[in-house]
Amino acid sequence: MKINWFKYSAPSNFYPVIGKLIPFFMFFAIVLSIGGLYWGFFQTPDVLSDQKQYYRIIFIHVPAAWMSMWLYAVMVGWAVIGLIFNTRLSYMMAAAIAPTGAMFTFLSLWTGAFWGKTSWGTYWDWDPRMTSELMLLFVYIGYMALQSAIDDTRRADQAAAILSLVGLVMLPIIYFSINCPNPAECSSLHQGSSTQQIETNILWAMLVMTIAFWAYAFAVIFMRVRNIILQRERHTKWLQNLTGVKA
Amino acid sequence: MFTVFKTILGRDLTLAMRRKTDILTTFFFFVIVISIFPLGVGFDKAMLQKMAPGIAWIAALLASMIALERLFASDYEDGTLEQMLLSHQPLIIIVLAKVFAHWLLTGLPLVLIAPLAGLQYHLSGDEVGIMMLTLLLGTPILSLLGAIGAALTLGLRGGGVLISVLILPLYVPILIYGAGAVSTSMEAGSNVQAYLLLLGAFLILALFFTPWATAAALRIASE
Amino acid sequence: MFTVFKTILGRDLTLAMRRKTDILTTFFFFVIVISIFPLGVGFDKAMLQKMAPGIAWIAALLASMIALERLFASDYEDGTLEQMLLSHQPLIIIVLAKVFAHWLLTGLPLVLIAPLAGLQYHLSGDEVGIMMLTLLLGTPILSLLGAIGAALTLGLRGGGVLISVLILPLYVPILIYGAGAVSTSMEAGSNVQAYLLLLGAFLILALFFTPWATAAALRIASE
Amino acid sequence: MILKIQNLSCRRGDRLLFENLDFQIQSGELLFIEGHNGCGKTTLLKTLVTLRRPDAGVVLWDKQSIFKLADEYRQNLVWLGHYNGLKGDLTALENLRIASVLNGIDASEEALWDALKTIGLYGFEDLPTTVLSQGQKRRAALSYLLLTKAPLWILDEPFSALDVRAVDMLQAIIAGHVEQGGMVILTTHQEVPLTSGQVKRLKLAA
Amino acid sequence: MILKIQNLSCRRGDRLLFENLDFQIQSGELLFIEGHNGCGKTTLLKTLVTLRRPDAGVVLWDKQSIFKLADEYRQNLVWLGHYNGLKGDLTALENLRIASVLNGIDASEEALWDALKTIGLYGFEDLPTTVLSQGQKRRAALSYLLLTKAPLWILDEPFSALDVRAVDMLQAIIAGHVEQGGMVILTTHQEVPLTSGQVKRLKLAA
Ligand code: HEM
Ligand SMILES: Nc1ncnc2c1ncn2[C@@H]1O[C@H](COP(=O)(O)OP(=O)(O)OP(=O)(O)O)[C@@H](O)[C@H]1O
Ligand SMILES: Nc1ncnc2c1ncn2[C@@H]1O[C@H](COP(=O)(O)OP(=O)(O)OP(=O)(O)O)[C@@H](O)[C@H]1O
Ligand SMILES: [Mg+2]
Ligand SMILES: [Mg+2]
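In order, the protein sequences belong to chains H, F, S, Z and C.
For the first sequence, position 17 (counting from the first letter as 1) is numbered 17 according to our numbering, and the numbering increases by one without interruption.
Each position in the second sequence, counted from 1, maps to that position plus 1000 in our numbering.
Each position in the third sequence, counted from 1, maps to that position plus 2000 in our numbering.
Each position in the fourth sequence, counted from 1, maps to that position plus 3000 in our numbering.
Each position in the fifth sequence, counted from 1, maps to that position plus 4000 in our numbering.
If you're looking for bench data, these hints aren't it; they were derived computationally from the structure.
Be aware that one or more of the hints could be misleading.
Stated by the list, open to error - A short list of chain Z residues far from chain S (calculated; beta carbon distances all over 10 Å):
| # | residue |
| --- | --- |
| 1 | Arg3011 |
| 2 | Leu3021 |
| 3 | Gln3026 |
| 4 | Trp3061 |
| 5 | Lys3068 |
| 6 | Glu3072 |
| 7 | Trp3079 |
| 8 | Arg3097 |
| 9 | Lys3149 |
| 10 | Val3167 |
| 11 | Gly3181 |
| 12 | Gln3190 |
What the hints assert, rightly or not - BS3-like cross-link-like pairs, simulated, lysine-lysine; straight-line CA separation at most 27 Å:
| # | chain 1 | residue 1 | chain 2 | residue 2 |
| --- | --- | --- | --- | --- |
| 13 | S | Lys2006 | F | Lys1050 |
| 14 | S | Lys2045 | F | Lys1050 |
| 15 | Z | Lys3046 | Z | Lys3063 |
| 16 | Z | Lys3063 | S | Lys2006 |
| 17 | C | Lys4063 | C | Lys4200 |
Don't be surprised by glycine CBs; every beta carbon is placed ideally from N, CA and C.
Just chain H, with the same shape it has in the complex (with noise of 0.2 Å):
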């Protein structure tokens, strides 16, 4: 099969194919996330090593950890997108996606601090990976602020593209954050994923969860680019023969 993927570059198609998207990937979502968090709670060890029940907390903690960090990359990549062919669709798909990011970096920030409360027996401790992390929760949010600081959507589609292209850097320092020059200066808390040895059935409900929580980004991602839409587009004429709202 042949799609012409210029044809859905144009918001004016794009809009309504999202449309049908949407309840097909919140349906996912609920579904998923009510599976993922069944199975995670009820198929797993109450006790895993030292930890008591509390661990079940990685369900949300792991998978929101790693959404934050494919959610910005991908706006990166939408974001460079637009750079280049100057596409003003790869621009509103990653401004609809920032909110999303920062959502899911504040999730694994705040699980991740009740999780330490329980497991370190602190909120919050400034562990390299956990402060890099709440540097990209910044990240995320210096890019919403430059945008809703210009007024030309435009320059602020690209101002905001170039920060957060420079922003970039935070993923590798947040991967490796574990490893840093010196274990016995920044010995951290963190400790190298052990997805190998834990057992499968935690593994599959923490892979559950990152779908369901895909899911969810597509689905609130699509509305907010809708959104967008409606509003960057209000002059033209597809939109107002579509809403029959004449601006």
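Since the structure of chain H is already known, use the hints to place chains F, S, Z and C with the ligands on it.
Coordinates of chains F, S, Z and C with the ligands only, in the frame set by chain H:
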């Protein structure tokens, strides 16, 4: 091309010299922040010693940042930036010259004055040496990164504070490794080299990539 | 006269609201500075606890100061300050309104967000309460004092950094008593009241005298 | 009401701009200040509005020094300089409203709208003035002239950036004010035929 | 050399400023852009100098898009906008020197002095431009026109703030440039009799 670099550098330095206070102020800002800290946190010697690298670095970071706001803003307001954008000289060169001037005016004085901080916080000679070295490697990165923020927020109201929000998170890794190096050097048998290499690598990366981003941001801002 | 106060206050708040980021940025600046410190100085819990009041106060001070630069500068540049000086309304009222707006936008948010700092630095509920109280009393003084510096440096290049140099030393007493109150409250059987009374007295003094100085400085700057 | 300048001198840096200047202006008069670029017109006007102190001589308003009268004198004054005195982030309407309040004018919303309409900013009232064109900004600043009741207008190149129609309108406004017993002091490099009232000319030559 | 505008449209915010604009200008031609305040003259000029991107349409320099040519096109360009583009803390001489270097002109000290003398800033070269009068600042900015060899001049209200003598001089300079095969695009609200060469007029109406 080198003439352009020299001219712009000369221009920015002359501008700073015309107001002699300009150079002195960054300097004093640094000194004051450093002197104020013990007032806020107490005079415990061991604690001060431990805090010294962090505070010196944070003061450097804030001093550099505060001066950043004017890096392009004044050129933007009086229309000279427009003229630079329209000159057919490579914008990257112009950006590099301006950033270099900024560093000479804000970064270098901090490096030179670091021993004073060392004195106030009871650091040993070696530690002061490491501190100067890390500042020497690190402050240009601050200027280079900060230039992006300055260019992005050009002409926005409250740009100054916005720069901080955009740039501080990016400064964090520099801060960690910069201050980390000095802290590490305080421990016996420690290996500072890894930190310095990392900072050096960051500097080279920044030198290559940030001018592009800044130039692009400037073009966007002028629209 | 009250209408004038209200109008100017409304004006400055509207200006800030137009750029929603403006309010958020001071806020984030504070948050970021607070979050950055431990990175520089290490994560030792007892030490952090001890440093908390000092750092919160210094962050408040820097946040307030950075925003200060624009207090009159933007009015000066677009000529609206000239118009204010030529209106026959008492300049003191106009100054007070502008300073109050500045405090609402930079001081108050810091008071409200102080608990977060408390959390990050492992403070107890009582200590956080005292910290909020001292910030509530102290930040208006920062705004009032800072306004003088902002007026004096009007129209000078590098004004921002110059303000810091003029004003930071004046901030020092506030800082000492503000941070001192919180530190004292950490010790058992301590008496914080004296500190609070002092801060209160400073506030009243500042409220009475600084607007005159600021108004006079503005008249001089416009010449 | 009479504004009297006696023996006024002004120097900037090493340069003596003017010396022993004497003139006066009273109700129903219009005074053109002429002179080439840099001869000191703006400096003179800034002195007349108390933004600068003269190096010698006095400026009297009804026999009292304007610097002594201070706010009492400023009450009678409208000043428009090279800058427009607009906040870029506020709309023309908001700017006008603030200017009115600052000068104790109790203008109704309607009066504000009317002023903007007359000056030709209809449809632009709700844009932040920063996005307006150069001429539109100037118009927004001038709209205040339609509201004020102050007798003495001091305008520094009010016609700059205005298009032909706006120049005509501003002329009519100024002429009207003079006719009703106001006083206007202005500078301009553009030739404009201001005919009504009694036009005085003062040539500054450095 | 020919600058060709095809089908150009520009919108600012909600407002369509102009649409489907077509015109061209070549060696030895002068183009007046006319129109009332806020009709989009400045916006058009900024587009022609690549400071803004058009919302539709193309601008061609010798058949190639100016945005593609970028620096190659800017080499042929002089732009003077509402702002003077002077650093207030530097003198007129230093400003002029920097402008020359930035544009790759290898002007001798003497040539710089001559330019300033011709433009009427003799005796003011060593003052920081911030203390110059409005008109003197404009002159300082215009002095660059005497040095440049770029063929295409785009000037936004170059006559503003100038006194009568300076207006005449600038007219002569522009006329001279056109006669020697240059191209000039300018806007102005002041009537000035520019006669030499072939004068085109473009009326923008919004
Ligand atoms: C990008 C950021 C993050 C990632 C990728 C991440 C990932 C992970 C992973 C994979 C685990 C499981 C470790 C294992 O398999 O043993 C984990 C555990 C944990 N995480 Fe995170 N995390 C991130 C951020 C945070 C933050 C910001 C916090 C706290 C505020 C936090 C708190 C915790 C805690 C308390 C545990 C349990 C560790 C233990 O008990 O061993 N994490 N994280
Ligand atoms: N510090 C100084 N040293 C020497 N001369 C100065 C100084 N400050 C200002 N001047 C001169 O004072 C004059 C100021 O003139 P002013 O602005 O009043 O002129 P103007 O008549 O309004 O001119 P324009 O028609 O161009 O607006 C200028 O010639 C300027 O060069
Ligand atoms: N964001 C916006 N929303 C609506 N209109 C805008 C926006 N930005 C600019 N405009 C309008 O675009 C026009 C800009 O015009 P421009 O500055 O090009 O005018 P001009 O022809 O140069 O006028 P002048 O003769 O006054 O200099 C103005 O009418 C302005 O109100
Ligand atoms: Mg003048
Ligand atoms: Mg214009």
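Hint-by-hint comparison with the structure:
1. Arg3011: Since the minimum Cβ distance to chain S is about 14 Å, arginine 3011 (chain Z) lies beyond 10 Å and the statement holds.
2. Leu3021: Answer for leucine 3021 (chain Z): holds, closest chain S Cβ roughly 19 Å.
3. Gln3026: Its Cβ never comes within 10 Å of chain S, the nearest being 21 Å, so this holds.
4. Trp3061: holds, 13 Å
5. Lys3068: holds, 14 Å
6. Glu3072: violated, 7 Å
7. Trp3079: violated, 5 Å
8. Arg3097: violated, 8 Å
9. Lys3149: About 13 Å separates lysine 3149 (chain Z) from the closest Cβ of chain S, which puts it past 10 Å; holds.
10. Val3167: holds, 21 Å
11. Gly3181: Glycine 3181 (chain Z) is indeed farther than 10 Å from all Cβ atoms of chain S, at 20 Å.
12. Gln3190: It holds; glutamine 3190 (chain Z) is separated from chain S by about 21 Å at its closest Cβ, greater than 10 Å.
13. S:Lys2006 - F:Lys1050: Distance ~49 Å between lysine 2006 (chain S) and lysine 1050 (chain F) Cα, so the pair is violated.
14. S:Lys2045 - F:Lys1050: Distance ~13 Å between lysine 2045 (chain S) and lysine 1050 (chain F) Cα, so the pair holds.
15. Z:Lys3046 - Z:Lys3063: Status holds; Cα separation ~20 Å.
16. Z:Lys3063 - S:Lys2006: violated, 35 Å
17. C:Lys4063 - C:Lys4200: holds, 21 Å
Checked against the numbered hints above, the structure violates hints 6, 7, 8, 13, 16; every other hint is satisfied.
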